[in-house]
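One letter stands for each residue in the lines below.
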Amino acid sequence: MSMLSSVSIKTNRRSYSGFGASVAALARREFRDALSSRWFILFTIAFAVLTIGVSFVSLSGVGSHGFSGFSKTSAGLLNLIMLIVPLMALIAGAGTIAGERERGTLVYLLSQPVSRTEVVLGKYVGLACALCCSLCLGFAVSAAVIAWRAGGVGVAAFSLLIATTCALALAMLAVGLLLSIISRRANVAVGLGLFVWLVAVFASDLGLMAGTVLFRLRVQDVFALAIVNPLQAFKMAVIVGMNASLDVLGPVGAYATQSFGSALPWMLWSVIVLWTVIPLSLGVVLFARKGSI
Amino acid sequence: MIAATRVTKTYGRFRAVDGASFELSPGESLALWGSNGAGKTTLIRCVLGITRFRGSVTINGVDVSRRGKIARSMIGYVPQELAFHDDARVGPSLMFFAGLRRVSSRAASRSLESVGLAGNERKRLRDLSGGMKQRLALAVALLSDPPVIVLDEPTSNLDASGRSEVADSLRAQRALGKTMIFASHRPDEVRALASRVLVMERGRVARDTTPEELWGSGGDPSVMRIMVEGAGEQVAAEILRRAGHKVSLNGHGLCVTVEEHRKAAPIESLFRADVRVRDIEFLERTDHSGAGS
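Chains as they are written, first to last, in this note's numbering: chain A, 1339 to 1631; chain B, 2 to 294.
It is worth saying that the hints were derived from the structure and are not from the lab.
Fair warning: there could be bad hints in the mix.
Stretch by stretch, here's where chain B covers chain A in the computed footprint (C-beta under 8 Å, at least three residues) [stated by the list, open to error]: (1) 1472–1482; (2) 1620–1631.
From the derived model, a few chain B residues whose C-beta atoms are all more than 12 Å from chain A [said to hold, decoys possible]: (3) ARG14; (4) PRO93; (5) PHE98; (6) GLY131; (7) ARG203; (8) GLY233; (9) ARG242; (10) ILE268.
Note that beta-carbon positions come from the ideal geometry of N, C-alpha and C, so glycine has one too.
Required output: the full structure, derived from the provided sequences and hints.
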């Protein structure tokens, strides 16, 4: 090889250490792809329309003003978020790696000077940004409706709702991404994502109720089992964050408030963060150790 | 430049590549020749370090398994078919890969120009012809001016003019002294581009030879591709070998070297042995570019 080529190789060795730059490049592409994809636009529109609908319905009663108007709306939004956001995030995550593998684009991507860790993180960051943008758009519309109908929005509480929702979306996205990594086909990954969503949204509530009756669970056991579910942790975190009492959740809520006091919000946020960190780390490790594409 | 030592890749009990070893000096061009399932693509993936395998592959002393990202920074990869989002435009797609390879937009433009695609930046990938797509893949491969180019049957999905376009671009790179490894099922392509041929059979390296040794000197004889009825290619190959013909299997029929005035001889041999010939094709001479006639 000529001297020129040797110099070029040495330069390459130096310059290809940029972990962050590769993640950023991959994230930018993922972000652009997500924003231009049909399902993403559909979800964004659906979320925005539903938030407007919930805001209108919640404020249709009499005498809702300012923050009290917002509180009523946020209660309605909470249920909407718990249904829509996990579904959106799980499907977004589940389709990504498995989809690329199925289309044959993953091989091409991996043949570039990028590590598998960078690919997973780049995809995660890009999708996370796209999801958060989509959610913020829905919330902005909702905030405008509340401000118009109720005369004001509790900015701090509304910001907290947005932050907690984004955190929930990031956790569910990490779970979806993990499913995408372990599935060979995109439809299998999406199917698993729907199953996880179903379990998180419906079965855990019903299962908890059934378990409480059948096994005569103590209140602390019910609480422990409840917060394992990121959706329940999210719900409690929002309620606590709005300075509302968890008593609205019955004896379990009352137990949580009395037992953990000011540590409760941290505890609930930790659950959501763990639901992000553990699946994402597991995904990175599994993808890096995968013997084939 | 490239050293592969006892490369073995298994899928369950199936050995896709079985102890393949070879060395390639700077500027050399190695063709991987063999039938479908012979292990060509798997060996290429091992060289790229995107699949786990036993043995070792080093690119300029860098182990692809341990430091895959750095090794891949020295490789430009051209797949069988450009696997990228069809909706994407040429310019942004190229810039995405330029981002991964840390090269400037000016270098990206130069790369596009070098394969004759300048002025197509606004076109969507789905609007490009097969040949243009492969030339774009070559432009991506050449972005950082890597010393090694790895190609996996780069012209197999192209028509005659597409093959000619890509072959011209590859010849230009060969003339620049790039080290090349490529899988091909076209003798004309191998003779035009390769200095050595690795004949692979069932994952093993059956022969490390030259195109001249495999198909003659490239003087008077030409190569005929014969497609036989059913799955009797192995039988037909044996019959032709016994009749004194130079035969190789490449997954797309039997490639037989025939002398200028005895082109019907292999057909006659097969006819006598009751092997039914479905189709024949004369592959263009090695010293010419383009398609089979």
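Structure-based check of each hint:
1. Here's how the stretch 1472–1482 of chain A fares: 0 of its residues keep a CB closer than 8 Å to some CB of chain B, so the rule of at least three is not met and the hint is violated.
2. Chain B is given as covering the stretch 1620–1631 of chain A, and this holds because 4 residues of the stretch bring a CB closer than 8 Å to a CB of that chain, at least three being needed.
3. With a cut of 12 Å on Cβ distances, ARG14(B) stays outside the contact zone with chain A, its closest approach being about 14 Å.
4. Chain A draws PRO93(B) into its interface by the beta-carbon criterion, the shortest separation being 8 Å against a cut-off of 12 Å.
5. In this structure PHE98(B) is not separated from chain A by more than 12 Å, as the shortest Cβ-Cβ distance comes to only about 6 Å.
6. With a least beta-carbon separation of about 15 Å from chain A, GLY131(B) lies farther than 12 Å from that chain, consistent with its non-interface assignment.
7. ARG203(B), annotated as away from the interface, keeps every beta carbon of chain A farther than 12 Å; the closest lies near 19 Å.
8. Interface exclusion of GLY233(B) from chain A stands, the closest Cβ pair being 31 Å apart, more than 12 Å.
9. Every CB of chain A is more than 12 Å from the CB of ARG242(B) (nearest about 35 Å), matching its label as outside the interface.
10. Separation of ILE268(B) from chain A is adequate, the least Cβ-Cβ distance of about 38 Å exceeding the 12 Å criterion.
The structure fails hints 1, 4, 5 (numbered hints given earlier, in ascending order).
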